[in-house]
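Protein chains: 2
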Amino acid sequence: MMRNVTRAGALFIDLYEIAMLRGYFELGMAERPATFSLFVRRLPPSRNFLLACGLADLLRDIAAFRYDDAQLRYLASLGFPHDFLNFLARLRFTGDIRAMPEGAPVFAEEPIVEVTAPIAQAQALETLIINRIGLQTMLASKAARVVAAARGRAVVDFGARRAQGFDAALDGARAFYIAGVAATSLLAAGRAHDIPVAGTMAHSFIEACASQSEAFRAYARLFPRTTLLVDTYDTIGGVRDVIALASEMGADFDIGAIRLDSGDLDALSRQARRLLDDAGLAHIRIVASGGLDEARIERLAAANAPIDMFGVGTDMSVSGDAPALDIAYKLVEFEGRGCMKLSPGKRSLPGRKQVFRGFHDGVAAFDVIAREGESSSGVALLREAMRAGEALEPSPSLEQIRTHAREAIATLPAGCRALSPSSYPVTISGALARYEREVMSKIAASSQPIAAMRVAASCR
Amino acid sequence: MMRNVTRAGALFIDLYEIAMLRGYFELGMAERPATFSLFVRRLPPSRNFLLACGLADLLRDIAAFRYDDAQLRYLASLGFPHDFLNFLARLRFTGDIRAMPEGAPVFAEEPIVEVTAPIAQAQALETLIINRIGLQTMLASKAARVVAAARGRAVVDFGARRAQGFDAALDGARAFYIAGVAATSLLAAGRAHDIPVAGTMAHSFIEACASQSEAFRAYARLFPRTTLLVDTYDTIGGVRDVIALASEMGADFDIGAIRLDSGDLDALSRQARRLLDDAGLAHIRIVASGGLDEARIERLAAANAPIDMFGVGTDMSVSGDAPALDIAYKLVEFEGRGCMKLSPGKRSLPGRKQVFRGFHDGVAAFDVIAREGESSSGVALLREAMRAGEALEPSPSLEQIRTHAREAIATLPAGCRALSPSSYPVTISGALARYEREVMSKIAASSQPIAAMRVAASCR
Numbered sequence: 023m024m025r026n027v028t029r030a031g032a033l034f035i036d037l038y039e040i041a042m043l044r045g046y047f048e049l050g051m052a053e054r055p056a057t058f059s060l061f062v063r064r065l066p067p068s069r070n071f072l073l074a075c076g077l078a079d080l081l082r083d084i085a086a087f088r089y090d091d092a093q094l095r096y097l098a099s100l101g102f103p104h105d106f107l108n109f110l111a112r113l114r115f116t117g118d119i120r121a122m123p124e125g126a127p128v129f130a131e132e133p134i135v136e137v138t139a140p141i142a143q144a145q146a147l148e149t150l151i152i153n154r155i156g157l158q159t160m161l162a163s164k165a166a167r168v169v170a171a172a173r174g175r176a177v178v179d180f181g182a183r184r185a186q187g188f189d190a191a192l193d194g195a196r197a198f199y200i201a202g203v204a205a206t207s208l209l210a211a212g213r214a215h216d217i218p219v220a221g222t223m224a225h226s227f228i229e230a231c232a233s234q235s236e237a238f239r240a241y242a243r244l245f246p247r248t249t250l251l252v253d254t255y256d257t258i259g260g261v262r263d264v265i266a267l268a269s270e271m272g273a274d275f276d277i278g279a280i281r282l283d284s285g286d287l288d289a290l291s292r293q294a295r296r297l298l299d300d301a302g303l304a305h306i307r308i309v310a311s312g313g314l315d316e317a318r319i320e321r322l323a324a325a326n327a328p329i330d331m332f333g334v335g336t337d338m339s340v341s342g343d344a345p346a347l348d349i350a351y352k353l354v355e356f357e358g359r360g361c362m363k364l365s366p367g368k369r370s371l372p373g374r375k376q377v378f379r380g381f382h383d384g385v386a387a388f389d390v391i392a393r394e395g396e397s398s399s400g401v402a403l404l405r406e407a408m409r410a411g412e413a414l415e416p417s418p419s420l421e422q423i424r425t426h427a428r429e430a431i432a433t434l435p436a437g438c439r440a441l442s443p444s445s446y447p448v449t450i451s452g453a454l455a456r457y458e459r460e461v462m463s464k465i466a467a468s469s470q471p472i473a474a475m476r477v478a479a480s481c482r
Numbered sequence: 023m024m025r026n027v028t029r030a031g032a033l034f035i036d037l038y039e040i041a042m043l044r045g046y047f048e049l050g051m052a053e054r055p056a057t058f059s060l061f062v063r064r065l066p067p068s069r070n071f072l073l074a075c076g077l078a079d080l081l082r083d084i085a086a087f088r089y090d091d092a093q094l095r096y097l098a099s100l101g102f103p104h105d106f107l108n109f110l111a112r113l114r115f116t117g118d119i120r121a122m123p124e125g126a127p128v129f130a131e132e133p134i135v136e137v138t139a140p141i142a143q144a145q146a147l148e149t150l151i152i153n154r155i156g157l158q159t160m161l162a163s164k165a166a167r168v169v170a171a172a173r174g175r176a177v178v179d180f181g182a183r184r185a186q187g188f189d190a191a192l193d194g195a196r197a198f199y200i201a202g203v204a205a206t207s208l209l210a211a212g213r214a215h216d217i218p219v220a221g222t223m224a225h226s227f228i229e230a231c232a233s234q235s236e237a238f239r240a241y242a243r244l245f246p247r248t249t250l251l252v253d254t255y256d257t258i259g260g261v262r263d264v265i266a267l268a269s270e271m272g273a274d275f276d277i278g279a280i281r282l283d284s285g286d287l288d289a290l291s292r293q294a295r296r297l298l299d300d301a302g303l304a305h306i307r308i309v310a311s312g313g314l315d316e317a318r319i320e321r322l323a324a325a326n327a328p329i330d331m332f333g334v335g336t337d338m339s340v341s342g343d344a345p346a347l348d349i350a351y352k353l354v355e356f357e358g359r360g361c362m363k364l365s366p367g368k369r370s371l372p373g374r375k376q377v378f379r380g381f382h383d384g385v386a387a388f389d390v391i392a393r394e395g396e397s398s399s400g401v402a403l404l405r406e407a408m409r410a411g412e413a414l415e416p417s418p419s420l421e422q423i424r425t426h427a428r429e430a431i432a433t434l435p436a437g438c439r440a441l442s443p444s445s446y447p448v449t450i451s452g453a454l455a456r457y458e459r460e461v462m463s464k465i466a467a468s469s470q471p472i473a474a475m476r477v478a479a480s481c482r
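Protein sequence lines, in the order shown, are assigned to chains A and B. In this text, residue positions in the first sequence follow my numbering: the first is 23, and each later residue adds one. In this text, residue positions in the second sequence follow my numbering: the first is 23, and each later residue adds one.
The hints are simulated quantities; they were obtained by calculation from the structure and are not laboratory data. Warning: the hint list may mix true and false statements.
Identical copies look the same in the list; a pair holds intra-copy or inter-copy alike.
[Claimed, not checked] Once the Cα atoms are required to be at most 25 angstroms apart in a straight line, the calculated SDA-like pairs of lysine to any residue come out as:
| # | residue 1 | residue 2 |
| --- | --- | --- |
| 1 | K464 | G50 |
| 2 | K464 | E236 |
| 3 | K464 | P140 |
| 4 | K464 | E53 |
| 5 | K464 | A52 |
| 6 | K464 | G452 |
| 7 | K464 | S235 |
Just so we're clear, the structure is a prediction, and the values are computed from it rather than from any experiment.
Let the hints inform the model, and build the full structure from the sequences given.
This is the structure:
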């Protein structure tokens, strides 16, 4: 399957980045070393942690990053001059990338990715990297909540139709799987990522058939262990049709589950369970779907509604309660000098960093954001992912990432893993705090004395 | 530029649709005529209307719809049998499509697209059509609010980085342009759709340069009429640097605008305007950005803040306040027989339909959802878009669609065009209401007597 970068290519970039590249080029700065850091400024109020995701796609995009002739002609049409376009034509990524592994829980202000490269190369990736990591991290983080709410019952992704576009559906299915979702309904995602696929029938099939019983009978014959959708006309009537079919088909009856897709899922699942059990069909499982989110799933699970599997669509696929992350990609170092902006509410931590996670009795107790090269007793989370433009092999398989996510989430404090808001202690190392003050003073001493000092005084 | 259908192809489909296709195939129903209707059940509370969008992409996808060998091998790996895969290999769309033109305001329950085709063909499009039309319609509808709030000031799309994926950014830029947005920052979108592009500099350029003044000087020389970002360290300090540069450069100073990206945009824009005016720089315009949505823009515009242009990112790009539509694609007719589901809260109107819009003195006064073939005094909104699998030419240009949207929105009642909630009268024709009752009675008389009558009694 072709990846997106083939389609939008290196033109998945905002005009202002190309303009800045030209600025660097004209000022002779393009090859000078810079580090940019990707991080989330604040978690959404309804997220206790984020699950890092999207690195594999990002590394593939970066390895393929280059401008083709047609793209360069488009840039020429915007007025960019010949010598600069020649520079762009040769632009490849030759830098280093350190990143949180996919499936790692991360918190606000922690670098998820740090890119160290000639500034033109690192700047060119801005829109791409924010979009790639931001989307998959957001969707994996949402799915982790849905999976937690289901308390061990399987969750299936039904969201392709409502995802915000084809990529969001495809990449979302991968992110959901990493977060513990069992399967996806989307065949393109099943094929692209080798994820289990699931799904059975829609109401239209039942309506097209002469009767619901005929539709059920056809499916029972064609698809062993299938799931029958029972709510087209009336849920309990649908359950009775399934039971009637069981007695009609006898030993040939081999249905795996029924699906409830509307109404009071708690009450209906209990009625359906009782009817099925009374008919000797205790092995038939119950799938619930229809406007589910983690809060509804948690209520159903907490009430012990006899639901064996949840099909979750829209709300998970668009991260309905938090459909964007406050994620930024900021210059933190240029030619060895720490950089930061001081705009209100948008401060960034200067310099290359590392994040250490401390554990007590196997439970994550605190994170420390430190300068790169500092040592600490915790586990260092940022790892080398690309060196001199080459991805470090072997990259983990999707199953390995999924296992890592499950194990890493399990080390978080219980409050952090719950749906209700809970905070986790993230601190800045002494060395980083000193460096931040030093950088601020230098900015104050150079171009913006009055402003920078005013801001510095109001900082932590 | 390759389109998405090339990438995910006909596998942008859920497993249950393929399973139903097999059901139709095995039951000998696959070629029998069906009509499916795409509509939004309820508008989001913060939308007074939706702007239909995405039809051009949909028609292109449908014309290209087919399974290639690799996709068929994947389906074989899922257990689908040879004769059915042969059927899929030959599957092409040969049906008819009637649709609201792009840029038409639409309301709840009104068909946006109606597909009439052999049922297997029409069913196969379900996930594709919901995703394509749903996303672009959602984004165009959001942008229409942002444009209205700006009261004639230009709005520029800065949202590519936070859009939910590459498609969402690319297709979003097109939808925003249709809704009246002036330009996009995303070069891939500018190139793909021939939309104006805009953008200047980020904070990183200023931080990388030895000083803000140096960064401004470089841009002023390289990019005539550029916009300088003034808030990296302190907004008013940045404005003073622009003014100092003007006096330094004299006649060579040719800056178009400054951009404020943080802080109290109302107060800062007034201070900046005064400083610029006092320095004889009344021609320099002010661009505002940073977490803007239609409510903030409306407040700034209502207060007459001296802002000439708004850069809008995240909230518009993900339709933050309503990140999904309750959009469905439902079987409404099979072999000439009306179909509907009766699931609570998810009822669909049976049969092929037409929507008429009535006007009083040039202002839209009411819509009537009628049966196809009914005549009415209003304007018929659904038009033939594809006949026997061939798109009807010529399709309108993006500029024509944009003009149509502007003119059609202008005919809506003022309350409808405002940001605060307002309802618009949409009724069902007498013939459609009778047909609905007739279909319900038939369902009641056939497979589901008790259930259907119970639901029918509670319907309008």
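Which numbered hints are broken by the structure, listed smallest first?
none
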